[in-house]
Amino acid sequence: AQKITQTQPGMFVQEKEAVTLDCTYDTSDPSYGLFWYKQPSSGEMIFLIYQGSYDQQNATEGRYSLNFQKARKSANLVISASQLGDSAMYFCAMREYGREKLTFGTGTRLTIIP
Amino acid sequence: EPEVTQTPSHQVTQMGQEVILRCVPISNHLYFYWYRQILGQKVEFLVSFYNNEISEKSEIFDDQFSVERPDGSNFTLKIRSTKLEDSAMYFCASSGVYSNQPQHFGDGTRLSIL
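Sequences listed follow chains L and P, in order. So the first sequence is numbered by this note's numbering: it starts at 226 and just counts up by one. So the second sequence is numbered by this note's numbering: it starts at 8 and just counts up by one.
Just so you know, the hints here were simulated from the structure itself, not pulled from any lab data. Heads up, some of the hints might be wrong.
EDC-like mimics (lysine to aspartate or glutamate), calculated; alpha carbons at most 20 angstroms apart, straight line [to be verified]:
#, chain 1, residue 1, chain 2, residue 2
1, P, K49, L, D280
2, P, K49, L, D251
3, L, K228, P, E63
4, P, K49, L, E269
5, P, K49, L, D247
6, P, K85, P, E66
7, P, K49, P, D114
8, P, K64, L, D254
9, P, K90, P, E63
Fair warning: this is a prediction, and the values are worked out from it, not measured in the lab.
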């Protein structure tokens, strides 16, 4: 069964610093995708970045990058030069190819301090 | 940028009543989904829908739930006889056909059962 673990319930980071949000996963399927979503206090779910299990390089999208370590089954999100607007819940999610559902972790609440 | 729209943003219903949550997925997407998030908890998959039929569902999606695509643009979730524990944020999402394409979420409908 697929499982996502986010061990940091909350993090406080100084503005302009980089932050790493941890995500580990468990699956027996060799083909899968990992996704990160941001949920601001207003409640919407915003897609940030995707990493495929066969991708050779770590994904990057602007200030977001993914530190993908397949052997360790981890897919940590790195936010560079954090901004006040980055304060939100961040969810890691996984989808096994051949299935439609996303399985989410419990999330990390990130607070950026001015 | 195209987006998933959900109505209403907030629905208050008496226990035992039927409720219909509505969604307009992104127009060129072919997969549609419903997820729910009970307050303070992680996002849970309910159902996926493709080619006018359910393609995958979770154990949460029991006989009191149903989904429908009544026309070419809307996608609905019906809860037949609501219970107190159905109170949650319900998210609609849509995606393209490939597994590496992200699911794009709407802003959610907050359902409150009294």
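Okay, the hints, checked on the actual structure:
1. Distance restraint check for K49 (chain P) and D280 (chain L): the Cα-Cα separation of roughly 27 angstroms exceeds the 20 angstroms cut-off, and the hinted pair is therefore not satisfied.
2. The suggested pairing of K49 (chain P) with D251 (chain L) holds, with an alpha-carbon distance near 17 angstroms, which does not exceed 20 angstroms.
3. In summary, the hint linking K228 (chain L) to E63 (chain P) is supported, as the alpha carbons are separated by about 18 angstroms, within the 20 angstroms threshold.
4. A distance of roughly 13 angstroms separates the Cα atoms of K49 (chain P) and E269 (chain L); the hinted pair therefore holds under the 20 angstroms criterion.
5. Of the pairs offered as hints, the one joining K49 (chain P) and D247 (chain L) holds, with about 16 angstroms between alpha carbons and a cut-off of 20 angstroms not exceeded.
6. For the hint pairing K85 (chain P) with E66 (chain P), the CA-to-CA distance comes to about 16 angstroms; that is within 20 angstroms, so the pair holds.
7. With a CA separation close to 16 angstroms, the supplied pair K49 (chain P) and D114 (chain P) stays within the 20 angstroms bound.
8. Note on K64 (chain P) and D254 (chain L): the hinted pairing holds, with a Cα-Cα distance of about 19 angstroms set against a maximum of 20 angstroms.
9. Taken as a hint, the K90 (chain P) and E63 (chain P) pair is broken in the structure, with Cα atoms around 23 angstroms apart against an allowance of 20 angstroms.
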